[in-house]
Amino acid sequence: MPVPTTVADYLVTDDLTVLLGLIAATVFLLNNLYKPQPLVHPILLGRQSDVGRVRHPGESAVYRNYGTGLMGRFPLRPTKDVHILADFVRSEVESARTLWSTRLTNNALQDRVASFGTGLLRLAGLQPQRSHVLILLNDSLEFIISDLALASHSILSHTLSSSKLLSYVLESFPPDAIITHANMLPQILELIYDGDKTGNHTIIVVGETTPRDLASVASNIKVLNFADVEREGNRVAKIISSVPNPGDIFTVSFFETETGHVQGAQMTHENMTAGVAAIRALFPLTLALSPLDTLVSAHSLSTAYGRAVAYTAIFEGAGFATMASSKLYHPEETTIEHDVADTLSANAYRTPSPTVLFAKPGHLESIVSAIAKKASESFILYPFARRHKLAGISEGYLSKESLWDRLVFDGARAKVIGECAGTLRCVVVSGGRLNAAVLTPARIALSIPLVNSYTHPLVPGPVLASHPLDLQDFPGLKDSLVAHVGPPSVNIEAKLVGVDDGKVESGEHPVGSLRIRGPPVGKLLGNDDYVSIPSEDDREGWVSTGARAKVQSNGAFKILS
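Using full-length UniProt numbering, you'd call the opening residue of the sequence shown number 1 and step up by one each time.
It is possible that some hints are incorrect.
Cut-off 25 Å, straight-line C-alpha distance, at most; resulting in silico cross-link-like pairs (BS3-like, lysine-lysine) [claimed, not checked]: (1) LYS238 / LYS222; (2) LYS374 / LYS415; (3) LYS164 / LYS523; (4) LYS327 / LYS373; (5) LYS373 / LYS400; (6) LYS164 / LYS415; (7) LYS415 / LYS400; (8) LYS523 / LYS503.
It is worth saying that the hints were derived from the structure and are not from the lab.
Make the full structure from the sequences, and use the hints.
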């Protein structure tokens, strides 16, 4: 072989070298051009909260949502025209939508609310701004009609987050009227007879009562049918009460703490409008809710958060239904698992296929496990499909339109969740701590945006919520078993108390008890006989959640206990 003696001799190449060079350049360009781009800029996920510059001893700084900013104004309502509950039903929205099994327009809903409210005043003898009514209804259109009718006449409503609280609330806060299901009538009569036997009671029942039930009704108890009350209001001129103020309390939601104490969350109209504004803010513009959506919820309307989800759907003109597990009142004691069957139970209402799911951690875990099991039956393609989906997620990219979805995951989803496989576009998880190990498998199995949020009985909206397209994973950390719940929502301020100053000053993440304040945060009913109102920071409006949390360096929170 001749030895090169000049520079030109070194540059001499054969056809094979040129071909290999072209192939290498092509592979390099294709790898860079076709690599999936992250759906959210990394800077946005790296700074999810704005942190106050001042920190008091024993406390963390004050955290706000980065989108709101430290000096930004909190959104109080979804639009400027929404001030009270009745404003959620917008007259300008003319198209019909399905609420549970009933398809109706907003004008029809407003007519039914006005008729039922007038019937309550005429037949049940309720007085605006004086009476209070106990709503013992499972999630249904009748619940919404009752809630709106009572609120429009400034009649305080009471709801229970658990059926176990019924006897206590009846004894401690005897209502002027009770709205309930016909199959609950015998149980309620028994509780009334065991308690106050002399007082007058009015019970409005949804559904048909039997002669046997009515035969046991005492003379001091008036039983009215829900349909008859509504029909009475439709027969006469509507009674219009003075418009309530946004700061008026319209409901008290009773709940039980982990220590067994019964507390009552007082909600104003402004609390609810701010809660709906926070729920709408969970979805960026690319995922915004519309009248084409159908929302399905696992959260009872008797809770503040569950009611806010329902009113969000009503405001948007979207369809709405609830799962079987949201029912609180049953003729017999029953327990419903948070599983795939419970998720699909909303289809029994004959609503359009769900597009947005407000689920609990158990629902997500069951769905993901079932889809992964079905997909793994394609034992040849599944490992390749999973690896390619995982590669996209690691780059911050998510899609359900890929080749691997069509070959493997679409069929598995259809076998598990039916029609939802083609329509579902977002899942919002709350109501418990979510295992971090579920997040990546969920993104592979469902391939849609996922929000993990933290809720509290005092707040109609989310307290903390992750970005729907935050696909980050942090394995190997001490608390990596718990999925983060993101920054505070758009109208919540949060801080931790009881933190270790030394650890914080040395650069460690603050850990302590979570305190919150903001427009959606309600107040506890002040009755020292059964509730302990937190006194710390009370003058500044801070409320203790009872949760222990940790704040990461990017401003996302984790609920530790």
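Here is how each hint holds up against the structure:
For the hint pairing LYS238 with LYS222, the CA-to-CA distance comes to about 23 Å; that is within 25 Å, so the pair holds. Note on LYS374 and LYS415: the hinted pairing holds, with a Cα-Cα distance of about 8 Å set against a maximum of 25 Å. A C-alpha spacing of about 22 Å is found between LYS164 and LYS523, which places the hinted pair at or below 25 Å, so the restraint holds. For the hint pairing LYS327 with LYS373, the CA-to-CA distance comes to about 30 Å; that exceeds 25 Å, so the pair is violated.
Among the hinted pairs, LYS373 with LYS400 is consistent with the structure: their alpha-carbon atoms are about 18 Å apart, no more than 25 Å. This hinted pair does not check out: LYS164 and LYS415 have alpha carbons roughly 37 Å apart, beyond 25 Å. A distance of roughly 16 Å separates the Cα atoms of LYS415 and LYS400; the hinted pair therefore holds under the 25 Å criterion. Distance check on the hinted pair: LYS523 and LYS503 sit about 33 Å apart at the alpha-carbon level, beyond 25 Å; violated.
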